[in-house]
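*Asks:* For the protein sequence lines, the chains are G and F, in the order given.
Quick note on the numbering used here: the first sequence kicks off at 1 and runs consecutively.
Quick note on the numbering used here: the second sequence kicks off at 1 and runs consecutively.
Just so you know, these hints were derived from the structure itself, not from any lab.
Treat each hint with caution, since some may be false.
Said to hold, decoys possible - Coverage of chain G stretches by chain F, computed from C-beta distances (three or more under 8 Å per stretch; other residues unrestricted): (1) 26 to 38; (2) 139 to 153; (3) 203 to 214; (4) 321 to 333; (5) 355 to 362.
Stated by the list, open to error - Cβ pair distances, simulated, as ranges: (6) F/Arg-23 <-> G/Pro-336: 24 to 34 Å; (7) G/Glu-240 <-> F/Asp-20: 34 to 44 Å; (8) G/Glu-240 <-> F/Asn-382: 43 to 53 Å; (9) F/Lys-270 <-> G/Arg-23: 38 to 48 Å; (10) F/Lys-270 <-> G/Ala-191: 54 to 64 Å; (11) F/Gly-55 <-> G/Arg-96: 45 to 55 Å; (12) G/Asp-349 <-> F/Gly-55: 48 to 58 Å; (13) G/Asp-349 <-> F/Glu-240: 42 to 52 Å; (14) G/Arg-96 <-> F/Ala-404: 50 to 60 Å; (15) F/Pro-426 <-> G/Pro-3: 35 to 45 Å.
We treat Cβ as the ideally placed atom computed from N, Cα and C, and that holds for glycine.
Here is how the chains run, residue by residue.
There are 2 protein chains.
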Amino acid sequence: MNPIKIGLLGLGTVGRGTFDVLRRNQEEIRRRAGRGIEVAAVAVRDVVKARAIVGSQVEVMSRPEALVCRPDIDIVVEVMGGLDLARRLVLEAIARGKHVVTANKALLAMHGNEIFAAAHQQGVMVAFEAAVAGGIPIIKALREGLSANRIEWIAGIINGTSNFILSQMRDQGLPFAQVLAQAQALGYAEADPTFDIEGVDAAHKLTLLSSIAFGVPITFAAAHVEGISGLASEDLAYAEQLGYRIKLLGITKRKAQGVELRVHPTLVPKQRLLANVEGAMNAVLVKGDAVGLTLYYGAGAGAEPTASAVIADLVDVVRTHTADPEHRVPHLAFQPDAIENLPWLSMDDTVTAYYFRIRVADQPGVLADIAHILAQGNISINAMSQREPAQGQNQTDIIILTHAAVERDVRMAIERIEQLPTVLSPVIRLRQEDLN
Amino acid sequence: MNPIKIGLLGLGTVGRGTFDVLRRNQEEIRRRAGRGIEVAAVAVRDVVKARAIVGSQVEVMSRPEALVCRPDIDIVVEVMGGLDLARRLVLEAIARGKHVVTANKALLAMHGNEIFAAAHQQGVMVAFEAAVAGGIPIIKALREGLSANRIEWIAGIINGTSNFILSQMRDQGLPFAQVLAQAQALGYAEADPTFDIEGVDAAHKLTLLSSIAFGVPITFAAAHVEGISGLASEDLAYAEQLGYRIKLLGITKRKAQGVELRVHPTLVPKQRLLANVEGAMNAVLVKGDAVGLTLYYGAGAGAEPTASAVIADLVDVVRTHTADPEHRVPHLAFQPDAIENLPWLSMDDTVTAYYFRIRVADQPGVLADIAHILAQGNISINAMSQREPAQGQNQTDIIILTHAAVERDVRMAIERIEQLPTVLSPVIRLRQEDLN
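Chain G extracted, bound-state conformation (with noise of 0.2 Å):
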């Protein structure tokens, strides 16, 4: 059988990675596929440079437009990233009934929803595992191998660089700006690291997970994304004594009242799996109600980690894109007519565990109207520990580990706490789970 031809849209990172596994790997994946991959053409803004990494049987096409129009391409990749021109030529090619791979979860956690539609309609597949955690094959373990399972949650460590900067901080003890800046240096960190480091990116790949696990619209704007640039390292070394690691967790949940979605920086017990993540290594830890906790693990970004599945996904599409569109894997994961419109939980309304640091006067009774503030507010102390004061200071720490409660208790307590004239500081407020 001829090999099925593809379009690159984007020659960078990925693009680069797709093209040289593409190559390297051709024959294994023919022996698995039953047909070859073949790359007729790739669109990019620097035609020489591209020209010399793929030689002379490629196409390199300046025009992306005219690169998605081209008959003689089943597939277009689009790994170019940003928004509005990659929407526009992937909601053209689906037009053109082409298939779609696509590493863009910023794409998907803005468009999703209308781009799935657009597939759905013209009976083409829009395949996006390179969107989520990298190489790992969550999206493909969640809509095909737990799809015996009602998904209860889905707790991930989706962001590499934030992964990274907290492993250095912790093992280091540097504060954040010091060793953003050697992620930078390190390539680990982008020049404007802000979607990263803010929670962003991680906030996008959740909204994607979040949606194949229960059968919701893909809904970004639902999610609450707090990230790690306000962490301070001595709450990581805190954390630590107390037999937590902090991680940057995006959080799922689908409970009685609706779902959660949430990423934030959240004390995870040592002993998990998960917080034993280390450096840029992504991990997703899923809870299903007939399989219980699974957990995928594996690089979350770069080029040939990245290119593992977006081939993956063309190799799907070769076999699957004859199939009758019934028969193939529902783009979220549930048949379209099935997608429910669960509610979304507000962040008042969730309900997790909490680590409160509170800079106090070195006082008698300070801990007794903390104590006070939280028992009225119905928030139960689950440990509590007052540092000693340094040598000729007045003023001390408070460390607070509580049980379950409602954030919007947390949140008046500790407006009422930071009212006490014996708190020296605003309270530092971190999520804890137990995941498990």
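Following the hints, put chain F in place on chain G, whose structure we already have.
*Replies:* Chain F in isolation, oriented as in the chain G frame:
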């Protein structure tokens, strides 16, 4: 669309779990699959007991041969276990054009080539996600999720019973026999635990993983199999002191000269996620050339985790049973005409690092003699420690970690060491893998 009708061969732990989850999650499964899955009949030995479980809507049959012949059944689910009868029934179902879902690793490890050839001939699917690592979708990850990769090696904790026993031996410092008895009392080990504790069950599963990773025929006879019944808890303690955990691993590697296939207790560096998989849980670590390391973790046994895998296979079959067989995922990941007869490496040719514990007389020169023999055998020492003899004893243990060495050289060196008059007992020899 009418539900697809299935028949269950067996209503033991897994059969019961499958029945329960299919019923409990029927709506969730239908929302994903687009079609219901209905148990039309079960074949069991104890008809009265089964009737009480399945109710009046499901036909209870005492003759499994009759179930596989029913024209209304599209998929036969073999969850009865055993070899000869299961083989006959599966082949009969295939001959009648029925798809098969099975959780039977022993059956596939012994008769898989015959069964898959028959299925290919008939254009039906034989799905076996539940046969390896219970609820972890590892077959799907390897066959589909990592299809871009040249797989380099797999190392897995794929027998929960032995992992549970090892965790308990380490935590409690108790000998193997005592912990086995506990495990039996708790239901974590069977009355006849041989297959679990002697590595046979792990080797069955590893044989299947090796085949789908490398595109080689299923060859259980090629596996080198060592279990945990000979392990002393003091070696678990020594390993711990050196920074390692001992795990029963199934390891298969593609080398230039051929494929390694081996199950044995293995020292793993403590900081690896795989070293932190505790109790009856399973985990499989896969190294692919593009994706790097990925790990898959979850419950490796139990009614509902295994049912999760059985039902995921059912959903896959529901989706693809009308497809052209050539477009389905091949049974062994590679197209049938692309399966290669790579040579299997003998254990003597295996290259790995080693742990030795050598009981010696507390005399000068002992260490020098041992070091001399190792040097002559091209075995390079990574770390060595000699314990102080216990009070009033004139013998002690020397612990040695080696760098990578050839097993044949190690075997011959141990023979020579055991002939030293100062060496008082057979040398304890375990293998060590870095897994990075």
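*Asks:* Could you check the structure against the hints above and give me the numbers of any it violates, in ascending order?
*Replies:* 3, 5, 8, 10, 12, 15
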